[in-house]
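A.B. asks: For reference, the chains in residue letters:
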Amino acid sequence: MTSRTRLRKGTTKTLVTQRRRTRPADKEEVDDVYDMRITMDEARRSRSPLYYGDGITYLQNDTHLTGKLIVIEGPDASGRTSQISVIQQRLEADGHAVVTTGLRRSELIGEGILEAKRNFVLGRRTLSLFYAADFADQLENKIIPALRAGYIVLADRYIFTLMARDAVRKISRTWSHALYGFALKPDLVFYLDVDPNELIHRVFQKNFSLDYYESGADLGLSEDMFESFIKYQNMLAKEFHRMQKKYKLIPIDGNRTIEEINTDLLKRIGDFLYSAIAK
Amino acid sequence: MELIIVANQTIQTRKVFPLKTLYYGNEARNKEGLKGRLIIVEGIDGSGKSTQIHLLEQWLRSRNIAVFLTEWNSSDMVKQITSKGKKKGKLTPTTFSLLHATDFADRYERKILPLLRAGYIVLADRYVYTAFARDIVRGCSRNWVYKVYSYALKPDLTFYFKVPIDVAVERILVGRPKLKYYEAGMDLNLSNDPYESYRIFQQRIIDEYDVMAQDEGFAVIDGTSAIEEQQAQVRDLVKSIIPRNQRKILESELISVGVQA
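Sequences listed follow chains A and B, in order.
Sequence positions in the first sequence follow the numbering used here and run 989 to 1267.
Sequence positions in the second sequence follow the numbering used here and run 10 to 270.
In short, the hints are calculated from the structure, not lab data.
A virtual CB, placed ideally from N, CA and C, is assigned to each residue, including glycine.
Hints are supplied without guarantee of correctness; some may be wrong.
Some chain B residues near chain A, calculated using beta-carbon distances under 8 Å [said to hold, decoys possible]:
1) Pro102
2) Tyr160
3) Asp245
4) Leu246
These stretches of chain B come out as covered by chain A in the derived footprint (C-beta under 8 Å, 3 or more residues) [as the list claims (entries may be wrong)]:
5) 124-134
6) 142-155
Residues of chain A clear of chain B, computed beta-carbon distances all greater than 10 Å [to be verified]:
7) Ser1116
8) Asp1125
9) Ile1188
10) Gln1232
11) Asp1259
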């Protein structure tokens, strides 16, 4: 892997200088075409960061990310976390270095958000910005460094959950999109699509109770927690479907068994890595 | 692997959204029928703005006008939660910006907006412009910062206390042996000397303020003139923007100690 990288870098450099030399004269067109092919190939392997907006403007421009960012989105109890641990094991067995990350896990305020939810009534925008700060901290201190070092980063949820929650709480979608303008575009985003009626059984299997926020109880949808949960999860699912095209989310039928979903995910990830690395 | 963060040395291109178009908040004013008035002060540390807004608050209060003062970065809830994290690690410009944005949102959602609806005169010691100036100087994208705060209401009146950098720095440093890390802008690697760093940092903020003062129509007050004189100017302008019934109250009373109101 390393020797290949070195070789590649060397090749690109000479080709770039060649192009510079030949361009003014504008004679050898063949060289130019060949050069483009290499650059495209290079771009596929290592890329300058792509962002949803202006990105992180103060980072040096030459930040090259050789790793891959793979996101799994989906509601609570959709089986995200167990999928991720299986995928991690499998990728590591195949020789890839893997880092996992998720929401509310930053050292900065990860814990703080839980505490805040317990002790205070938070405004919807305040909570939204809290999550954004937590995400930014992890993006800059964990995700980007790992991607620069060539890791595969498996993210247990990303900005899409946060944007969906905001939208359901009547925060402008334009605003949320702009807020996450500093977020890196992942290489792959899967969305585990589970029918809320199926989901509620899994929640009970997991916890035997409904979480206040995961039921959208702060929205006052219904006096009845059960009904509130179904309504809230339906709203979130709708929001995800709405985002699907814009953010290139790959829907995964989450109503199947864990094993079936796992095979599906692994195949898709394998195909992607093969096309990205083996080319 | 360490992330290398460089201060934004290059001058950002001036192709920016006009700020005015970004305030969705102003639609809220009409929709929700905000009866109150929002008056804010801006300026670098040592410009005297806090003194002036305090005097303004006292004046309004003495006339029994419903007034509320809120300060930058003062939400207890946010402070409680972020103080632990701040100690643990260094903040990046983005996280620094977002934590301040969270603090602002908390005060905005729970205090500023409801009180404006209730008809209060809300005074803010620093407002979104402080975030714009500081975050942009720290290297955040200009348009991004503008958009993060785009839900905020445009103030009815913005005072900008302008002082030369030397005056402000001297006022701040008298009797202060040490500057805090972020206060001195040490995260920007401007200089190894905190005082030198502080100075460069503040000068850049002044440059940002000067641009906004024009674009946003700040009322510029000469922060080097006598305190009483500044306050008289402030009060005159405040009278011009508050509801008529309140203006009458302020104009009726004439007993004042050395201040021509």
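A.B. asks: With chain A as the partner, please determine if Asp245(B) meets the hint condition of a C-beta pair closer than 8 Å.
C.D. replies: Check failed: Cβ of Asp245(B) comes no nearer than 35 Å to chain A, outside 8 Å.
A.B. asks: Classify the label on Gln1232(A) as holds or violated, using whether its beta-carbon is more than 10 Å from each beta-carbon of chain B.
C.D. replies: Its Cβ never comes within 10 Å of chain B, the nearest being 24 Å, so this holds.
A.B. asks: Does Ile1188(A) sit more than 10 Å from chain B, CB to CB?
C.D. replies: Ile1188(A) clear of chain B: closest Cβ-Cβ about 31 Å, beyond 10 Å.
A.B. asks: Are all beta-carbon distances from Ser1116(A) to chain B longer than 10 Å?
C.D. replies: violated (8 Å)
A.B. asks: Double-check Leu246(B) for me: the hint is only fine if its C-beta lies closer than 8 Å to a C-beta in chain A.
C.D. replies: violated (30 Å)
A.B. asks: Report holds or violated for chain A covering the segment 124-134 of chain B, Cβ cut-off 8 Å, minimum 3 residues.
C.D. replies: It is violated: at least three residues are needed, and the segment 124-134 of chain B offers just 0 whose Cβ sits closer than 8 Å to chain A.
A.B. asks: Going by Cβ atoms, does Asp1259(A) stay more than 10 Å from chain B at every point?
C.D. replies: holds (29 Å)
A.B. asks: Under 8 Å, Cβ to Cβ, is where Pro102(B) needs to be relative to chain A, so tell me if that hint holds or is violated.
C.D. replies: Result: holds, 6 Å to nearest chain A Cβ.
A.B. asks: With a cut-off of 8 Å on the beta carbons, see whether Tyr160(B) makes it to chain A.
C.D. replies: holds (6 Å)
A.B. asks: If you look at each residue in the segment 142-155 of chain B, do at least three have a Cβ nearer than 8 Å to any Cβ of chain A?
C.D. replies: holds (count 6)
A.B. asks: Could you let me know if the closest chain B CB is still more than 10 Å away from the CB of Asp1125(A)?
C.D. replies: Violated, since 5 Å does not exceed 10 Å.
This entry does not satisfy hints 3, 4, 5, 7 and 8, going by the numbered hints stated previously.
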